[in-house]
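Q: One letter stands for each residue in the lines below.
There are 2 protein chains.
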Amino acid sequence: MPATAPVVLSIDAMGGDHGLQTTVDAALLALAEHEGLQLVLVGDESLVEAALKARKPAALLRARIAVQHAAEVVGMDEAPSKALRNKKDSSLRVAINLVRDGRAQAVVSAGNTGALMATAKFVLKTLPGIDRPAIISPIPSMSGHVHMLDLGANAECSAEQLFQFAVMGSALVTAIHGIERPRVALLNIGEEEIKGNEVIKQTAHLLQASQLNYIGFVEGDGVFLRDIDVVVCDGFTGNIALKTGEGVAKLIYHYIKQEFTRSAFTKLAALAAMPALKALGKRMDPRNYNGASLVGLNGIVIKSHGSADALAFAAAIRVAVREVQHDVPARISRLLAVALPQLPKAASGEA
Amino acid sequence: MPATAPVVLSIDAMGGDHGLQTTVDAALLALAEHEGLQLVLVGDESLVEAALKARKPAALLRARIAVQHAAEVVGMDEAPSKALRNKKDSSLRVAINLVRDGRAQAVVSAGNTGALMATAKFVLKTLPGIDRPAIISPIPSMSGHVHMLDLGANAECSAEQLFQFAVMGSALVTAIHGIERPRVALLNIGEEEIKGNEVIKQTAHLLQASQLNYIGFVEGDGVFLRDIDVVVCDGFTGNIALKTGEGVAKLIYHYIKQEFTRSAFTKLAALAAMPALKALGKRMDPRNYNGASLVGLNGIVIKSHGSADALAFAAAIRVAVREVQHDVPARISRLLAVALPQLPKAASGEA
Numbered sequence: 001m002p003a004t005a006p007v008v009l010s011i012d013a014m015g016g017d018h019g020l021q022t023t024v025d026a027a028l029l030a031l032a033e034h035e036g037l038q039l040v041l042v043g044d045e046s047l048v049e050a051a052l053k054a055r056k057p058a059a060l061l062r063a064r065i066a067v068q069h070a071a072e073v074v075g076m077d078e079a080p081s082k083a084l085r086n087k088k089d090s091s092l093r094v095a096i097n098l099v100r101d102g103r104a105q106a107v108v109s110a111g112n113t114g115a116l117m118a119t120a121k122f123v124l125k126t127l128p129g130i131d132r133p134a135i136i137s138p139i140p141s142m143s144g145h146v147h148m149l150d151l152g153a154n155a156e157c158s159a160e161q162l163f164q165f166a167v168m169g170s171a172l173v174t175a176i177h178g179i180e181r182p183r184v185a186l187l188n189i190g191e192e193e194i195k196g197n198e199v200i201k202q203t204a205h206l207l208q209a210s211q212l213n214y215i216g217f218v219e220g221d222g223v224f225l226r227d228i229d230v231v232v233c234d235g236f237t238g239n240i241a242l243k244t245g246e247g248v249a250k251l252i253y254h255y256i257k258q259e260f261t262r263s264a265f266t267k268l269a270a271l272a273a274m275p276a277l278k279a280l281g282k283r284m285d286p287r288n289y290n291g292a293s294l295v296g297l298n299g300i301v302i303k304s305h306g307s308a309d310a311l312a313f314a315a316a317i318r319v320a321v322r323e324v325q326h327d328v329p330a331r332i333s334r335l336l337a338v339a340l341p342q343l344p345k346a347a348s349g350e351a
Numbered sequence: 001m002p003a004t005a006p007v008v009l010s011i012d013a014m015g016g017d018h019g020l021q022t023t024v025d026a027a028l029l030a031l032a033e034h035e036g037l038q039l040v041l042v043g044d045e046s047l048v049e050a051a052l053k054a055r056k057p058a059a060l061l062r063a064r065i066a067v068q069h070a071a072e073v074v075g076m077d078e079a080p081s082k083a084l085r086n087k088k089d090s091s092l093r094v095a096i097n098l099v100r101d102g103r104a105q106a107v108v109s110a111g112n113t114g115a116l117m118a119t120a121k122f123v124l125k126t127l128p129g130i131d132r133p134a135i136i137s138p139i140p141s142m143s144g145h146v147h148m149l150d151l152g153a154n155a156e157c158s159a160e161q162l163f164q165f166a167v168m169g170s171a172l173v174t175a176i177h178g179i180e181r182p183r184v185a186l187l188n189i190g191e192e193e194i195k196g197n198e199v200i201k202q203t204a205h206l207l208q209a210s211q212l213n214y215i216g217f218v219e220g221d222g223v224f225l226r227d228i229d230v231v232v233c234d235g236f237t238g239n240i241a242l243k244t245g246e247g248v249a250k251l252i253y254h255y256i257k258q259e260f261t262r263s264a265f266t267k268l269a270a271l272a273a274m275p276a277l278k279a280l281g282k283r284m285d286p287r288n289y290n291g292a293s294l295v296g297l298n299g300i301v302i303k304s305h306g307s308a309d310a311l312a313f314a315a316a317i318r319v320a321v322r323e324v325q326h327d328v329p330a331r332i333s334r335l336l337a338v339a340l341p342q343l344p345k346a347a348s349g350e351a
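Going down the list, the protein sequences come from chains S and G.
Here the first sequence is numbered in the working numbering, starting from 1 and rising by one per residue.
Here the second sequence is numbered in the working numbering, starting from 1 and rising by one per residue.
Take these hints with a grain of salt, some might be off.
One copy or any two copies: either way a pair holds, since identical chains are not told apart in the list.
[Stated by the list, open to error] List of simulated lysine to aspartate or glutamate pairs, EDC-like, C-alpha gap at most 20 Å: (1) K250 <-> D227; (2) K257 <-> D221; (3) K201 <-> E156; (4) K257 <-> D285; (5) K88 <-> D77; (6) K250 <-> D221; (7) K267 <-> E160; (8) K278 <-> D227; (9) K278 <-> D309; (10) K250 <-> D285; (11) K56 <-> E35; (12) K88 <-> D101; (13) K250 <-> E33.
Since the hints were made in silico from the structure, they are not lab data.
Turn these sequences into a full structure, and let the hints steer you where they fit.
A: So, in structure tokens, the structure goes:
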């Protein structure tokens with residue numbers, strides 16, 4: 001990052017399963033990594049100060065940290081609507097307020113996903129032309145990675161909303177990865193045009209009539225095996241696909257462990273195979289992909305996995321830095337203005 | 001199988017990607033495995049006879065094979081409705097007819113899934129009280145395996161249909177695996193009661209009020225990691241989950257290969273690790289799970305993967321034998337009669 005472009009992020013220091021010390025440690029890691037970065041740690045002031053002191057940061061590094069007091073914490077299992085209504089002084093809410101007030105360019109939280117989404121939508125509002133924000137994240141694939149959305153924010157979606165997701169995904173991939181015309185596919189249960197429900201067929205028509213680089217349907221296995229940049233689906237399907245993938249990866253990891261500890265011989269073989277197995281474990285480690293974006297908002301909001309350790313949370317901060325540097329919300333607005341189908345009604349009715 | 005209970009199956013000899021010789025080879029494998037088994041191979045008579053002759057089967061084995069002529073073949077990509085309307089003398093249709101006419105107790109096909117489903121539904125009809133058949137298959141999980149349905153027959157389902165799927169899955173698991181009260185879970189995007197769409201919430205109410213052993217929601221990862229017997233979902237979600245799992249498994253297999261061929265050292269390590277890697281490959285091999293059941297029909301219909309080789313197709317024949325021996329359709333009807341919620345209307349409206 002050039003020193004001329006400082007980035008200021010607000011961090012929900014109290015969110016996540018591992019608590020304050022983890023987010024503080026992640027903040028220190030991120031500051032060491034990015035020269036122009038400044039962080040506002042939001043949470044109980046005395047607790048945050050104590051967690052900082054425990055790590056004795058260098059003065060130059062400490063100078064790039066501000067602490068913003070917030071008296072409340074949103075529980076990981078708290079109902080989003082209740083958190084939104086009752087916890088106006090939560091670290092999550094105050095951290096988002098800083099973005100609304102222009103005091104930070106993005107917010108990072110490992111807190112309650114539903115509460116983060118509901119609060120961010122309420123405080124920041126969606127971008128003009130976007131009905132609902134969506135959750136997007138890169139996931140590993142044969143060709144490197146693919147960005148998938150929505151991963152769970154909207155259980156049911158209209159064709160128009162799915163189309164907006166395609167725009168948001170394309171804009172983000174172009175902004176962050178410099179891919180000019182990202183290949184967009186629609187998740188479906190077959191690749192033939194006749195497959196899928198009405199919403200999916202309508203979305204396909206909208207995408208075909210649009211300026212986006214729509215390449216057709218993709219099946220569940222194709223997400224990981226084909227060369228695609230953006231996969232679009234509703235939040236129910238996306239969440240099932242994402243978690244199914246996590247489950248299968250854990251199951252295979254379990255199989256590997258079982259097979260390599262089956263006998264004295266396989267245990268010896270495991271020693272020989274350790275470098276390869278370690279490299280494999282690293283590639284399968286979901287922490288490398290930590291940091292999902294809540295796109296479609298009037299501001300940048302990054303969700304870290306609740307179980308993130310300091311390294312993983314630092315990865316989520318890295319995602320926020322990148323999105324600030326490439327001004328993702330503005331890119332979405334710009335693409336939305338030109339991507340809309342020329343004849344949306346004819347396209348969805350007759351094409 | 002005791003010699004006292006002969007099992008007669010009809011085999012769609014022409015279905016599948018690999019053609020006739022593969023199904024004939026599978027038939028010979030299955031006959032060698034099951035003493036009391038008799039098979040009717042359905043397809044072009046002269047071609048089937050030629051494929052049989054090519055393998056020179058022993059006379060005693062050959063005596064347990066009948067050939068039923070069928071002049072047409074349903075293409076793997078043919079529209080199911082067209083196949084149903086126009087191909088009345090297809091191997092797929094004639095093989096199903098044999099079950100309707102009592103000349104076979106079950107049918108096995110590696111042909112076009114949609115055509116098999118549509119034709120089986122048309123010819124055999126659904127069981128009383130079942131609106132639509134579903135596709136069920138065991139999939140590997142941490143506890144051994146879990147049966148999941150629907151895997152793609154019905155993209156959209158009502159709560160009543162999902163409830164029927166739960167009954168069908170429970171009856172099948174009890175019949176085949178002797179588990180008296182199979183644990184049934186509903187696939188959802190969270191485990192809290194407030195999660196999911198209206199259909200899923202209604203289904204949960206029906207299941208709670210039923211005699212089934214309903215244990216609540218399961219997320220995508222839990223399918224593979226938790227101890228569950230039957231996972232219920234609509235065919236869209238089930239197909240996405242199944243194929244996502246296949247995609248991730250293939251991706252990880254690709255990673256393993258890459259890591260173990262990265263250098264001369266890792267290649268040597270791979271040699272040492274070969275027994276463990278082979279055992280792993282065997283456990284991940286989807287052929288071990290070949291043979292999905294189309295349940296809810298007035299007859300037993302087993303779908304083999306289109307790409308099945310002879311070993312895999314023989315596994316599908318094994319599934320058919322087991323379902324005949326345990327009379328799965330009758331078990332479904334019996335469970336349906338007692339499992340229905342006592343107060344379905346109150347349960348779905350007010351619970």
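Q: State for each hint whether it applies.
A: Taking the hints in turn, this is what the structure says about them:
For the identical chains of this complex, K250 and D227 are inter-copy neighbours only, at 15 Å across copies versus 24 Å inside a copy, given an alpha-carbon limit of 20 Å. Within a single copy, K257 and D221 get their C-alpha atoms only as close as 25 Å, which misses the 20 Å cut-off; across copies the closest is 19 Å, which meets it. Within a single copy, K201 and E156 get their C-alpha atoms as close as 15 Å, and across copies as close as 14 Å, so both meet the 20 Å cut-off. In this homomeric assembly, K257 and D285 come within 20 Å of each other (Cα to Cα) both inside a single copy, at 15 Å, and across copies, at 17 Å.
In this assembly of identical chains, the alpha carbons of K88 and D77 lie at most 20 Å apart only when taken from the same copy (17 Å versus 57 Å across copies). Proximity of K250 and D221 under a CA criterion of 20 Å is satisfied in both settings, with 17 Å inside one chain copy and 8 Å between copies. With identical chains, the CA atoms of K267 and E160 are never at most 20 Å apart, being 55 Å at best within one copy and 51 Å at best between copies. When the C-alpha separation of K278 and D227 is checked against a cutoff of 20 Å, the pair qualifies neither within a copy, at 26 Å, nor between copies, at 28 Å.
When the C-alpha separation of K278 and D309 is checked against a cutoff of 20 Å, the pair qualifies only within one copy, where the shortest distance is 19 Å, while the shortest distance between copies is 34 Å. For the identical chains of this complex, K250 and D285 are neighbours both inside a copy (10 Å) and across copies (16 Å), given an alpha-carbon limit of 20 Å. Taking the closest pair of Cα atoms, K56 and E35 come within 20 Å of each other only inside a single copy of the chain (19 Å); across copies the shortest separation is 77 Å, beyond that limit. Proximity of K88 and D101 under a CA criterion of 20 Å is satisfied intra-copy only: 15 Å inside one chain copy versus 70 Å between copies.
Taking identical chains as interchangeable, the C-alpha atoms of K250 and E33 are never at most 20 Å apart, the minima being 31 Å within one chain and 35 Å between chains.
Hints 7, 8, 13, counting from the list given before, are not met by this structure.
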